[in-house]
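Chains R and V supply the protein sequences, listed in that same order. Numbered by this note's numbering, the letters in the first sequence go through residues 1 to 199 in order. Numbered by this note's numbering, the letters in the second sequence go through residues 200 to 398 in order.
Just so you know, these hints were derived from the structure itself, not from any lab. A hint or two may mislead.
Unchecked claim - Pairs of lysine to any residue residues, derived as SDA-like cross-links and limited to a Cα-Cα distance of at most 25 Å, are as follows:
id, chain 1, residue 1, chain 2, residue 2
1, R, Lys-71, V, Asn-282
2, R, Lys-25, R, Glu-124
3, V, Lys-270, V, Val-348
4, R, Lys-15, V, Gly-261
2 protein chains.
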Amino acid sequence: MSSSNVTWHSSSVSKSDRSSLNSLKPAVLWFTGLSGSGKSTIANAVEQELHRRGVRTYLLDGDNVRHGLNKDLGFSDEDRIENLRRISEVSKLFIDAGLLVLTAFISPFRVDRQRVAEMLPEGEFIEVFIDTPIEVCESRDPKGLYKKVRAGEIANFTGIDSAYEEPTHPDIHVKTNDYSIEECAAQIVDHLQASHYIS
Amino acid sequence: MSSSNVTWHSSSVSKSDRSSLNSLKPAVLWFTGLSGSGKSTIANAVEQELHRRGVRTYLLDGDNVRHGLNKDLGFSDEDRIENLRRISEVSKLFIDAGLLVLTAFISPFRVDRQRVAEMLPEGEFIEVFIDTPIEVCESRDPKGLYKKVRAGEIANFTGIDSAYEEPTHPDIHVKTNDYSIEECAAQIVDHLQASHYIS
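Kindly generate the complete structure, drawing on both the sequences and the hints.
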């Protein structure tokens, strides 16, 4: 046995080290809004602008989470809560990795969003309300879901026969109907800069 | 309704964009070995050296996974498999984010490690065998677990009364008993460089 083994110890790279390397204050931008409100579209536009500035980001959405980590979950109340719990735990890991994380999930209930916020230290949860009138969401209907709801093929759909609880004090309130995608994205990036998440 | 909404489209920052920004080829360094073999210690030393070089990394281990994302899981066979499934899905997300991920879990069974490897594209799974004789692990006993096993307080302990299946062809074979921590870490970093994961 080599004597060096006796004194083996553990030291590690910290969240603060990684954030410094990335020149940012890590946090999650938690996008919430109706289906078709533009959460993913605006989150993608924000990510593009941040990437252009060299800011390290990652976007969690249905595409990369539902078919992977959360593919064992359905849409019961219990699974809905577990779905958001895992997304928040993964967001926390990405924050610990020193990144700006963006999440794009309807997350219609205040209590659920509150639970996410409480898991994270002060200032690491940024609630972004993508505020689009439901008539506009329905007219966009990017996934054809509203059509299916109206045809009676889907039940418990947020905004139609299941509640969407609007954020009461979102950190960023984005009114998509009055502005272009680029303007909405700029509003969010400006907030990040003004609040010193990025320089 | 603003006409700009009609043409809303989605474009996104890709894995390749993020990898380019980070100047690396993302992958997971999957550390496997007995309890007390030095997985976490060496993974931490590797991460420190990579960080010193400006390489973006993240380390997943018991500390940040068991008490967060996987805190609902126990130690049944089913939960053990779900534990590794989630860790691999999260590793996949970090790879997609353009990082070099390090994982430090005993992961004693070949079939489980094989399952992780198969989830990832060719070249993104790097098996790192931390090879330490069990006598040495037991003499180190950093968590006092071997002592508890010998006292009959823990059963089904890897290497004692539960199998550890050594990797047959690990990508990196680290013999900790012959080298210092720094030398073991250097062996891994050299491999990453020689295989063009980092420059």
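Consistency of the hints with the structure:
Proposed proximity of Lys-71(R) and Asn-282(V) is supported: the alpha carbons are some 14 Å apart, at most 25 Å. Proximity of Lys-25(R) to Glu-124(R) is assessed by CA-CA distance (about 8 Å); at most 25 Å being required, the pair is judged to hold. At most 25 Å may separate the alpha-carbon atoms for a hinted pair to count; Lys-270(V) and Val-348(V) meet this at roughly 23 Å. Distance hint between Lys-15(R) and Gly-261(V) is fulfilled; the C-alpha atoms sit about 17 Å from each other, no more than 25 Å.
The structure meets every hint from the earlier list without exception.
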